[in-house]
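J.: One-letter residues, chain by chain:
Protein chains: 2
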Amino acid sequence: MFKKVLIAEDHEIANISVQKTLHDLGIHNTKYVYYCDHALTWIKNAIRDGEPYDLLITDIEFEDDDSPQEIKDGLSLIKAVKMVQPDIKVIVLTAKDRSALINEMFRENQIDGLVRKARRDGQHLREALQTVYQHRTYQSPDSKKFIQEQNSHEFTQFDLHIVKLLYEGISQKEMPEYLQQRDIRPSSLSSIEKRLNLMKDVLGFTKNEQLVAHCKELGFI
Amino acid sequence: MFKKVLIAEDHEIANISVQKTLHDLGIHNTKYVYYCDHALTWIKNAIRDGEPYDLLITDIEFEDDDSPQEIKDGLSLIKAVKMVQPDIKVIVLTAKDRSALINEMFRENQIDGLVRKARRDGQHLREALQTVYQHRTYQSPDSKKFIQEQNSHEFTQFDLHIVKLLYEGISQKEMPEYLQQRDIRPSSLSSIEKRLNLMKDVLGFTKNEQLVAHCKELGFI
DNA sequence: TATCTCCTTACGGTTTCCCGTAATCGATCG
DNA sequence: CGATCGATTACGGGAAACCGTAAGGAGATA
Numbered sequence: 001m002f003k004k005v006l007i008a009e010d011h012e013i014a015n016i017s018v019q020k021t022l023h024d025l026g027i028h029n030t031k032y033v034y035y036c037d038h039a040l041t042w043i044k045n046a047i048r049d050g051e052p053y054d055l056l057i058t059d060i061e062f063e064d065d066d067s068p069q070e071i072k073d074g075l076s077l078i079k080a081v082k083m084v085q086p087d088i089k090v091i092v093l094t095a096k097d098r099s100a101l102i103n104e105m106f107r108e109n110q111i112d113g114l115v116r117k118a119r120r121d122g123q124h125l126r127e128a129l130q131t132v133y134q135h136r137t138y139q140s141p142d143s144k145k146f147i148q149e150q151n152s153h154e155f156t157q158f159d160l161h162i163v164k165l166l167y168e169g170i171s172q173k174e175m176p177e178y179l180q181q182r183d184i185r186p187s188s189l190s191s192i193e194k195r196l197n198l199m200k201d202v203l204g205f206t207k208n209e210q211l212v213a214h215c216k217e218l219g220f221i
Numbered sequence: 001m002f003k004k005v006l007i008a009e010d011h012e013i014a015n016i017s018v019q020k021t022l023h024d025l026g027i028h029n030t031k032y033v034y035y036c037d038h039a040l041t042w043i044k045n046a047i048r049d050g051e052p053y054d055l056l057i058t059d060i061e062f063e064d065d066d067s068p069q070e071i072k073d074g075l076s077l078i079k080a081v082k083m084v085q086p087d088i089k090v091i092v093l094t095a096k097d098r099s100a101l102i103n104e105m106f107r108e109n110q111i112d113g114l115v116r117k118a119r120r121d122g123q124h125l126r127e128a129l130q131t132v133y134q135h136r137t138y139q140s141p142d143s144k145k146f147i148q149e150q151n152s153h154e155f156t157q158f159d160l161h162i163v164k165l166l167y168e169g170i171s172q173k174e175m176p177e178y179l180q181q182r183d184i185r186p187s188s189l190s191s192i193e194k195r196l197n198l199m200k201d202v203l204g205f206t207k208n209e210q211l212v213a214h215c216k217e218l219g220f221i
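First to last, the protein sequences are chains G and H.
Here the first sequence is numbered in the working numbering, starting from 1 and rising by one per residue.
Here the second sequence is numbered in the working numbering, starting from 1 and rising by one per residue.
These aren't lab readings, by the way, just hints derived from the structure by calculation.
Please note that a few of the clues may not be correct.
It does not matter which identical chain is used: a pair holds within one copy or between any two.
Only pairs whose alpha carbons sit at most 20 angstroms apart, straight line, appear in this in silico DMTMM-like list of lysine to aspartate or glutamate [unchecked claim]:
hint	residue 1	residue 2
1	K44	E108
2	K164	D183
3	K96	E61
4	K20	E104
5	K79	E193
6	K207	E177
7	K72	D142
8	K3	D65
9	K200	D66
10	K89	D73
11	K44	D183
12	K82	D49
13	K4	D37
14	K3	D54
15	K96	D73
16	K4	E174
17	K82	E70
Let the hints inform the model, and build the full structure from the sequences given.
T.: Written as structure tokens, this is what we have:
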């Protein structure tokens with residue numbers, strides 16, 4: 001089993017449980033941190049000392065507080081960590097379902113396991129630890145189901161831009177101007193309308209309100 | 001300190017930590033359940049056996065799964081529990097900030113403590129346990145701050161109804177019909193428009209998209 | 001260069017939404 | 001009973017969004 005594990009998770013309550021789970025599995029050399037920046041520092045120091053971590057368990061969403069951080073979310077942390085230690089195993093622990101981002105990370109071999117914070121998450125974490133230790137990838141059942149449901153529409157950068165503008169209160173009529181300023185193409189009102197229609201159609205929505213709420217909920221914007 | 005505590009929390013990882021926290025404080029007579037219905041049953045049985053619980057620690061959001069439940073969320077659970085045991089102390093543990101609902105529960109003396117799942121939530125839970133045991137109420141600092149920020153607009157039932165309809169993809173034009181069917185008043189298009197304007201005005205929004213996303217994010221709908 | 005195709009843009013008619021004003025209703029009070 | 005005030009509803013003009021169709025442009029191919 002893994003020997004040396006780093007846990008990056010801002011919620012103290014979640015952090016305690018992960019530690020306890022590892023402890024129960026006989027992993028005693030664990031370090032837990034509440035900030036991404038700290039996580040990266042510990043990873044680097046461990047390499048410097050010739051005793052690198054085997055595994056990083058990290059959340060995705062980290063809350064901002066009064067101590068400003070360089071790295072603000074788990075995905076950025078993973079990228080930074082993989083730069084300095086490409087062979088480290090990574091298990092992601094997340095409350096939200098961000099299928100698009102997560103799928104991409106799996107494809108790029110940036111992560112080895114995904115556990116969604118849900119009813120049986122403790123069990124799933126144990127399974128993930130076992131599976132990833134055997135050099136296989138793991139996804140908790142909830143997230144698998146969700147990803148299957150969810151692959152109905154692949155959002156392009158353009159899609160996300162216009163949804164984000166909607167969320168910021170920009171009217172469709174004003175959008176062409178905004179998009180041109182940012183050198184985003186296409187930029188015409190027609191294209192925006194067409195694209196919004198397509199998204200709503202695929203997702204079974206009738207109103208932009210639903211689309212914006214949906215994207216917000218999934219963490220796309 | 002409390003002697004007998006019931007924990008209702010669907011996430012196994014959160015549940016483990018709460019148990020551990022209680023254990024560290026010397027509270028060993030704890031029961032943890034993953035469903036609201038189970039929680040109510042245990043409360044009732046404890047009363048029947050003459051050994052009622054001192055304290056209920058409960059989440060608010062419970063995820064649906066394949067085992068259908070009578071009580072689907074923490075607030076309903078609290079109401080049901082208070083019916084059978086009005087003197088039980090209640091600490092709520094929640095990830096989202098539902099200031100309106102929570103404030104109401106505090107006012108009605110339905111809950112004694114509120115801990116938001118955040119960076120220092122373990123610490124806050126310990127503080128809540130101490131404070132509530134002394135018959136005082138407790139709110140974790142995050143939630144206090146949030147409630148202050150948030151009191152810009154007090155959403156009425158009517159407000160939430162129309163926002164919810166928007167979220168469901170109903171056009172404003174169709175809303176009067178819906179509202180009349182459900183005996184909600186007022187129901188005219190004018191009233192709906194006026195109310196939407198007021199909400200957007202207070203919150204500094206220009207579009208319904210923002211309003212819906214905002215309410216969704218705060219768990220109002 | 002001519003042609004075909006795909007993507008983008010332009011345009012016009014219809015619906016919905018927005019917003020101000022005026023009429024109606026209902027309860028309270030002198 | 002009439003007056004008054006607040007809340008609700010009705011209405012109408014103008015703006016934005018919606019939707020189908022047609023025109024324009026860039027790239028690929030022969």
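J.: Each hint: holds or not?
T.: Here is how each hint holds up against the structure:
| no. | hint | in the structure |
| --- | --- | --- |
| 1 | K44 with E108 | neither (22 angstroms within a copy, 52 angstroms between copies) |
| 2 | K164 with D183 | within (16 angstroms within a copy, 36 angstroms between copies) |
| 3 | K96 with E61 | both (9 angstroms within a copy, 14 angstroms between copies) |
| 4 | K20 with E104 | neither (30 angstroms within a copy, 36 angstroms between copies) |
| 5 | K79 with E193 | neither (34 angstroms within a copy, 47 angstroms between copies) |
| 6 | K207 with E177 | between (23 angstroms within a copy, 18 angstroms between copies) |
| 7 | K72 with D142 | between (26 angstroms within a copy, 19 angstroms between copies) |
| 8 | K3 with D65 | neither (32 angstroms within a copy, 35 angstroms between copies) |
| 9 | K200 with D66 | neither (38 angstroms within a copy, 29 angstroms between copies) |
| 10 | K89 with D73 | within (18 angstroms within a copy, 36 angstroms between copies) |
| 11 | K44 with D183 | neither (35 angstroms within a copy, 63 angstroms between copies) |
| 12 | K82 with D49 | within (18 angstroms within a copy, 57 angstroms between copies) |
| 13 | K4 with D37 | within (19 angstroms within a copy, 40 angstroms between copies) |
| 14 | K3 with D54 | within (7 angstroms within a copy, 41 angstroms between copies) |
| 15 | K96 with D73 | both (13 angstroms within a copy, 19 angstroms between copies) |
| 16 | K4 with E174 | neither (52 angstroms within a copy, 60 angstroms between copies) |
| 17 | K82 with E70 | within (16 angstroms within a copy, 46 angstroms between copies) |
Hint check: violations occur at hints 1, 4, 5, 8, 9, 11, 16; the rest are consistent with the structure.
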